[in-house]
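A.B. asks: Based on the provided sequences and hints, a complete structural model is requested.
Here is what each chain is made of, one letter per residue.
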Amino acid sequence: MEFAAFLTRRVLWSLLVLIGLSVVIFLIARVVPGDPARMALGPTATPEMVDALREKLGLNLPLIQQYGLFLSGLAEGELGRSLLTEQSVNNDIAQTFPATLELVLTTILIAVVLGVPLGVAAARWKDSWPDTLVRAIAIVSAVMPSFFIALLLQVLAGYVLQVLPTTGRLPPDMEFSGPTGLIVLDSLMAGRLDVLGEALRHLLLPSLALSLATMGQIARITRASMIDVSRHDYIEAARAFGIPTSVRLFKYQLRPAFVPPMTILGLEFASLIGGAFVVELIFAWPGMAAYGIRAITQKDLNAIMGVVMVSGAFFVVVNLLIDVLVGVLDPRVRIRGRRA
Amino acid sequence: MSATEPLSNAWQNWYRFSRNPTAVVGAAIVLLCVLAAILAPWITPFPEHAGSFVDFRNRHQPPSLEHWFGTDNVGRDNFTRVIFGLRVSLTLAFVVLIVAVPFGTLMGLLAGYFGGWTEIVIMRLTDIALAIPPLVMALAVAAVAAPSLTNAMLAIAVLWWTWHTRLIFSITRQIRSQEYIEAAETLGASKAHILFREILPNCVSAIAVKTSLDAGFVILIGASLSFLGLGIQPPTPDLGTMVAAGAEYLPDFWWESMLPAGAILFVALGFNLLGDGLRDMFDVEDVR
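Chains as they are written, first to last, in my numbering: chain A, 1 to 340; chain B, 1001 to 1288.
It should be emphasised that the hints constitute simulated quantities derived from the structure, not laboratory data.
All residues carry an ideal CB built from backbone N, CA and C; glycine is no exception.
Wrong hints could be hidden among the right ones.
To be verified - Have a look at the derived ranges for each label pair, beta carbon to beta carbon: (1) B:Phe-1114 / A:Arg-231: 32 to 38 angstroms; (2) B:Trp-1014 / A:Lys-126: 48 to 54 angstroms; (3) A:Glu-55 / B:Ser-1177: 54 to 60 angstroms.
C.D. replies: Dropping the structure here:
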């Protein structure tokens, strides 16, 4: 089982990345700002109050020991308590993460479902108008600030045409909660089609706004990779055998060509999370990014560390999943246990 | 110069550049923005509006001949502030890249040429950096330190070098095993000579393309940061801050947010077209 060995190695690397990430976050939080206790209590606190909080948070311990505490907390899945509200950061993130997950999954779905066919079309009609169109889309998507597209969509669809809701996940008068926190999934399981419809309507604008950048990249890479694959002899053979174009394109050419866009999707995922911070704020999406922004403006250190850590872990998990997918698509990875 | 004499390298490059419309348009946009930013105090109609100027009688004026981009919520000329805002965006991109590109290149050369533990340490560091969204990093630093341009530049630069390291690493790895490197080694050339005189010149075109594309991305990240209120602080004009302030008056006073947003798009477009054009010109397809 070479593939199992490959995956084990990837999982171990991922763990190492997460540990490295925890060092970075710990350094930012403990070394950059000076005194977290002073920051949490504000300028009016007496030195005694600050000392008491320092004691309580373990800030008087040597740095390495503080990191040990932080890491052992992380290992138990404990992100600490908010310095401001005393709420558990775990709880806060568990409450807000599903909204972000739903938004990000929908975004990826849109980006792949639109981006891959666009890339295939551009490769099929290379140097003709679909190719030019895709090139234009790729450039616009790369230079469009995420808040610009978000505001544009909000104004156009929300205010001018008044066809779609512009804030939140559900109408204010609609109450709904389910086991997973993903409203689309939960409402389906509960058979509440009215909720499902509203959830999808609310999802459409933010996920479209967030997907543009990724979609453009996927289209561009798919195009390049389809053209690359089309130069192989077996594609020429398929053509010579008179296999229908659509079968050749989608069955023989796209499958190997699908690997590079997936790898890019993994790498792009970090900037997608970054974009979520902007998009969630604009559409008042009650997700983890919006929670993170609030924590940042309130200088809530533990919450900030928690959000950055979970964002990083999210990135690592998505990239692991993509590795598995690549293994399924590309037998060379499965057999030889490494990416071609 | 006679017709049979080969064109010098510089001339050849200039010819290829001038024949590439994407690169030329991109370079023109970048040049226009840079000049406008440098000359801002002299070319803008109301340079005093770049600070905390207030003229409430003139607030929310739509675009006109006097105020090309209209006025904002305290009556300042938007066009003036957009041009001054370009200064912040371009400074951010310039400083981040002047730190990140040389450092990232050096790390890539070292990892690619020496391999072994050097490679493992450097490349694992880049793996960690990849998992942190630069915007989130900048947000976190702005939160724990203070929201300022310097902190933003620092936070982004700390992550950004890794992209260049990955790029230069892969190029160096391919070059390392070539015969002329072996020849240089056999002749006893120093490591520094091999790294900087033999390998580095092969990376220059890739670096140029990547740096140009990066400038656009860094500007977008900086704009997002200040859009969220954690970039350079008012009253210094900043494009992202202007968009955020103007967004409260959407859709009625659209020019207050849409035109600064358009300016960000414009300058980012310039760098992207330039990078795209250079990529075609140098034929380095893999660089993104």
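A.B. asks: Look at each hint and say if it fits the structure.
C.D. replies: Comparing the hints with the structure gives:
{"no.": "1", "hint": "B:Phe-1114 / A:Arg-231: 32 to 38 angstroms", "in the structure": "holds, 35 angstroms"}
{"no.": "2", "hint": "B:Trp-1014 / A:Lys-126: 48 to 54 angstroms", "in the structure": "violated, 29 angstroms"}
{"no.": "3", "hint": "A:Glu-55 / B:Ser-1177: 54 to 60 angstroms", "in the structure": "holds, 59 angstroms"}
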